[in-house]
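Asker: Please model the entire structure based on the sequences and the hints provided.
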Amino acid sequence: MNPARTPRAGDVITEMDDLRADLARRYRSTAGQGASADPELIDADLAALDRDGYIILENLITPDECQRIRAAVARLLGHTGRNVFEGERTQRVYSLLQKTRACDRLVDHPRILALLDRLFLPNYLLSQLQVINILPGAQAQMLHHDDGFYPIPRPRPPLSAATMWAIDSFTDANGGTVILPGSHRWDSVRRPSESDAEVITQMSTGSCVFYLGTLWHGGGANRTNAPRLAVTAQYCEPWLRPQEAFTLSTSRHTARTVSEDIRRMLGYSIHPPFMGAVDGMHPKRLLESADRTDPADDLEGYRRG
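Residue numbers (this note's numbering): 19 to 323.
What you were told as hints is all true, and nothing was included just to trick you.
Simulated restraints, written as ranges between beta carbons of each label pair:
1) Arg203 - Ala263: 30 to 38 Å
2) Pro173 - Arg259: 18 to 26 Å
3) Arg241 - Asp297: 52 to 60 Å
4) Arg241 - Leu305: 45 to 53 Å
Think about it this way: if two alpha-carbon atoms lie no more than 25 Å apart in a straight line, the pair counts; the simulated SDA-like pairs of lysine to any residue are:
5) Lys117 - Gln85
6) Lys302 - Leu139
7) Lys117 - Lys302
8) Lys302 - Asp135
9) Lys117 - Pro128
10) Lys117 - Thr80
11) Lys117 - Arg88
12) Lys302 - Trp257
13) Lys117 - Glu262
14) Lys117 - Ala263
15) Lys302 - Gln261
16) Lys302 - Tyr112
17) Lys302 - Gly52
18) Lys117 - Gly96
19) Lys117 - Arg107
20) Lys302 - Leu266
21) Lys117 - Thr275
22) Lys117 - Gly99
23) Lys117 - Asp82
24) Lys302 - Thr275
25) Lys117 - Gln148
26) Lys117 - Thr223
27) Lys117 - Glu104
28) Lys117 - Glu306
29) Lys302 - Arg259
30) Lys117 - Ala92
31) Lys302 - His271
32) Lys302 - Pro290
33) Lys302 - Ser269
34) Lys117 - Gln261
35) Lys302 - Pro291
36) Lys302 - Gln146
37) Lys117 - Thr272
38) Lys302 - Gln116
Calculated from the structure, these hints are not laboratory results. Virtual Cβ for every residue (Gly too), placed ideally from N, Cα, C.
Answerer: Rendered as structure tokens:
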């Protein structure tokens with residue numbers, strides 16, 4: 019805008035359009051792995067999501083990969099949940115990226131990223147990543163929808179989406195995720211009732227169920243004598259606060275070692291024009307400086323860089 023003349027109404031619109039562009043000069047966004055997925059396949063996936071609110075994607079990783087994940091997270095499993103929502107007979111592992119690289123492929127699988135690329139704005143964020151191990155005797159979790167804590171009335175488009183990966187196979191007896199098909203279209207008043215048809219996800223090891231944040235669902239009861247191991251990754255629009263504060267729980271060393279897609283989803287990205295900036299600059303600059311106990315210690319060097 020030229021300060022030498024009187025501003026006109028159209029100038030504001032033009033200036034705001036300019037601000038919506040990605041202002042990052044040194045760290046521009048790169049194409050993610052989702053670009054490699056077959057567009058026709060993703061179209062079919064999206065049609066199923068629009069109709070039902072979920073889709074089961076079979077055999078995305080191999081049994082050998084599942085075994086490696088199982089071995090890696092076994093040492094991390096410990097206490098059971100602190101309340102009925104976490105599950106008093108359910109083990110959960112949070113801050114997973116800081117503890118193991120074994121689950122990275124689940125977070126940035128091309129088929130998943132391709133769906134997220136179509137559902138959300140660029141630079142969407144990882145909202146949650148955790149291991150969920152439902153032990154024998156666990157009761158069914160209360161039904162809920164994952165983006166219910168965002169105070170925006172329904173019906174509306176989803177603000178988040180989730181994957182639930184079967185590291186152990188899911189059955190109707192061992193805690194397969196309970197889903198209410200079509201509930202992603204409900205308004206803010208409607209709640210699940212006994213008359214609503216439930217689907218218990220049944221899928222083989224290495225498969226995952228992808229569902230919208232507006233879909234009502236919950237972990238099933240485990241009526242068997244063996245645990246049911248799963249990994250869930252959840253994602254949200256780039257302008258929302260994630261459930262887990264990954265920039266605090268994930269060290270810069272770890273951020274340097276993960277894929278570009280995961281790094282972007284951790285928050286080392288800018289949602290145009292400047293959401294996510296650190297000291298007025300792109301957060302990737304933090305990765306150029308040495309780790310310190312207090313990230314604020316690095317701000318001066320970060321500014322010089």
